[in-house]
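Mind docking chain B on chain A? Use the hints.
Those sequence lines, one after another, are chains A and B. The numbering used here applies: residue 1 is where the first sequence begins, and numbers increase by one. The numbering used here applies: residue 1 is where the second sequence begins, and numbers increase by one.
Bear in mind the hints are in silico, worked out from the structure with no lab data behind them. From the three backbone atoms N, C-alpha and C, an ideal C-beta is built for every residue, glycine too. Possibly wrong hints are sitting among the right ones.
Said to hold, decoys possible - Partner residues aside, some chain A positions facing chain B, computed with beta carbon under 7 Å:
id, residue
1, S20
2, I58
3, G132
Chain by chain, the residues:
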Amino acid sequence: MKHTITLTINGESVTSEVDSRLLLVHFIRENLDLTGTHIGCDTSNCGACTIMLNGLSIKSCTYLAVRADGAEITTIEGVAPEGTNHPMQQAFHDQHGLHCGFCTPGMVIRSIELLKNNPNPTEEEIRWGISGNLCRCTGYNNIVKAVQQAATEMQKES
Amino acid sequence: MIPSNFTYHKATSIQDAIALSKTHGEEAKYMSGGHSLLPMMKLRFASPEHIIDISKIDGLSYIKEDGDFLKLGALTTQTEIEYSKLIKEKYLIFSDAVKLTADPSVRNVGTIGGNIAHGDAANDQPALMLAMRATIIAQGIDGKKSIPIDEFFHGFYMTALDASDVLVEIQIPKAKKGSGGAYHKVERKVGDYATAGVAVHVELDDNGICQEIGIGLTNVSAVPMRLERGEVILRGQKITEDLIKQVGKIASEDAEPTSDLRGSEAYKRSIVNTITQRMIRLALERAQK
Chain A
1 MKHTITLTIN GESVTSEVDS RLLLVHFIRE NLDLTGTHIG CDTSNCGACT IMLNGLSIKS
61 CTYLAVRADG AEITTIEGVA PEGTNHPMQQ AFHDQHGLHC GFCTPGMVIR SIELLKNNPN
121 PTEEEIRWGI SGNLCRCTGY NNIVKAVQQA ATEMQKES
Chain B
1 MIPSNFTYHK ATSIQDAIAL SKTHGEEAKY MSGGHSLLPM MKLRFASPEH IIDISKIDGL
61 SYIKEDGDFL KLGALTTQTE IEYSKLIKEK YLIFSDAVKL TADPSVRNVG TIGGNIAHGD
121 AANDQPALML AMRATIIAQG IDGKKSIPID EFFHGFYMTA LDASDVLVEI QIPKAKKGSG
181 GAYHKVERKV GDYATAGVAV HVELDDNGIC QEIGIGLTNV SAVPMRLERG EVILRGQKIT
241 EDLIKQVGKI ASEDAEPTSD LRGSEAYKRS IVNTITQRMI RLALERAQK
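The following block holds chain B by itself, in its conformation from the complex:
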């Protein structure tokens, strides 16, 4: 399989990328790792006339805590996240997710920025971003902008990014005492997209009361989905087994899965219920450590 014809451009800086995009307009697409875009191009689901390669831009690959945030450069690969000491120590939700994302050779190339900017509800990182209430930093023709994650995903492969916007950084509130997160997805085989996945991030106060909670769902809706009704039930409460069961049931009700090769709608609703409960328990356990 060979993509249809296009013209390749290598961007040497963010400004260069934006200028190239401005010149070529809607017919141009940015490519970072290319492991979502290139397969689509090979299948001719996408046929951009211009590819602007942003993967060679220096300085967009990092994982660091800075002020109140964990900051991830958009070109950080999944492998770099997998092996990061900081992530392994303090942000286990990423370790959960990366291990289940594609396979090691794909993770060597695929980037976190690309995973999010692709705007696919089947990708794993969007659910994490929702759970942790990330802010997406993009740079475009009019300079930098911050986009709260709840305003980022607009539809099937559609995001708040304008054609010329480069996703440059992801900011996540820094892990603090009493916070913890977890992610799991059910997959038919290693490396598959999720049949369904759930990300949970919880913050407890000294009395074990849930101060903040985020629940993001993978691949059970057209757009990466926040389980808002479940969050409302848990916020401000001591999280009990009864409440966890209640939220699991809500997840199965509010998810909007469709039947496909990965399973029937009923099956997906059932596993969303189960994984939601398990991930709340695991996030709690990690937050209490």
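In isolation and in its complexed conformation, chain A is listed as follows:
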């Protein structure tokens, strides 16, 4: 059965016909061609598919596209204007917070929400905060440093 959904993604309104069983991550990647959102474990463990839905980080592999009707979504492509970096992206760049980069879009989205709730987290709070995002290049130390840098930068800005 098809459903018509309308949602805002990275500031743009999109209307589309989707099957009941279409997963949000497939809608984003295949229907909208926004391939920055990755599919890792496909079981809500790894966090590679993390996106922002109505201001909350969620795992889009475990969410039906049809349920996103009316939602406001931000993917990695929409965290900063074209050609610029969000302070979190810049921090991952500066601190070498990635190796292969597969987990990075999810890490960045999750870390942005983390700082929204807790602008100045301790190292332990950062580690708990990104506990649903796995990096298999074992790059957590630099990821933590990146989140710390972004926290400092973003506090200066505000």
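This is chain B only, laid out in the frame that chain A set:
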């Protein structure tokens, strides 16, 4: 992984949800956060023909004290519980449990009602509900009903809820002076289901005598388990270190764990013993504050 075909229905009210369920019968399943059900559907362990989405129903997300009860709306997310001021001040057992449940992005979607209604002894909230002697409020074809938690869990993924019943509210006796609770589970890695978990809620009188105690165990039996024999030993007593050790031993004897990837049966019995003791001590310490 993609779920098998089904038809999605969005319920706009509890009545609407019940009517949809009545129409589609046993082939329909309610979905709230979907973080237990959808993974099962993707693995094809479940293939309901109809999904009735109850997550958009207004007015089922709240945490409040009302009369003698703490009332939690069924659609309250784990994150909302995590950040609730009331919970952080008076119901630390929830803070213990939520932090150990899945991870922040999953908690943004997963609901307390879903966690309980799923009827999985591996979920964390059922043990808390047993310890605190919750009452489950459900609404179905014949109206509202109250189900004491001891009558709620029937078997593996089976509960007292009829197919059309929507779990709408959880009621827990309000925290009072001299009461305290604690929860801990051992997990292989952050976000995993419990290898074993223990929830304890204790109520002391002015003389430090245990008036009421609840002990719930996670993932060491097919059905969320109350440690009845342990409760009987502590109720009406001044809880001493000797009694705590005795109850820990009882927990290891009465639990019914099976060996699996998370550990052998013997290992699980051993950690149930240890966590039971630690949680009784922590609940006591919090009750004495």
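Going through the hints against the structure:
no. : hint : in the structure
1   : S20  : holds, 4 Å
2   : I58  : holds, 5 Å
3   : G132 : holds, 3 Å
Of the hints listed earlier, there is not a single one the structure fails to meet.
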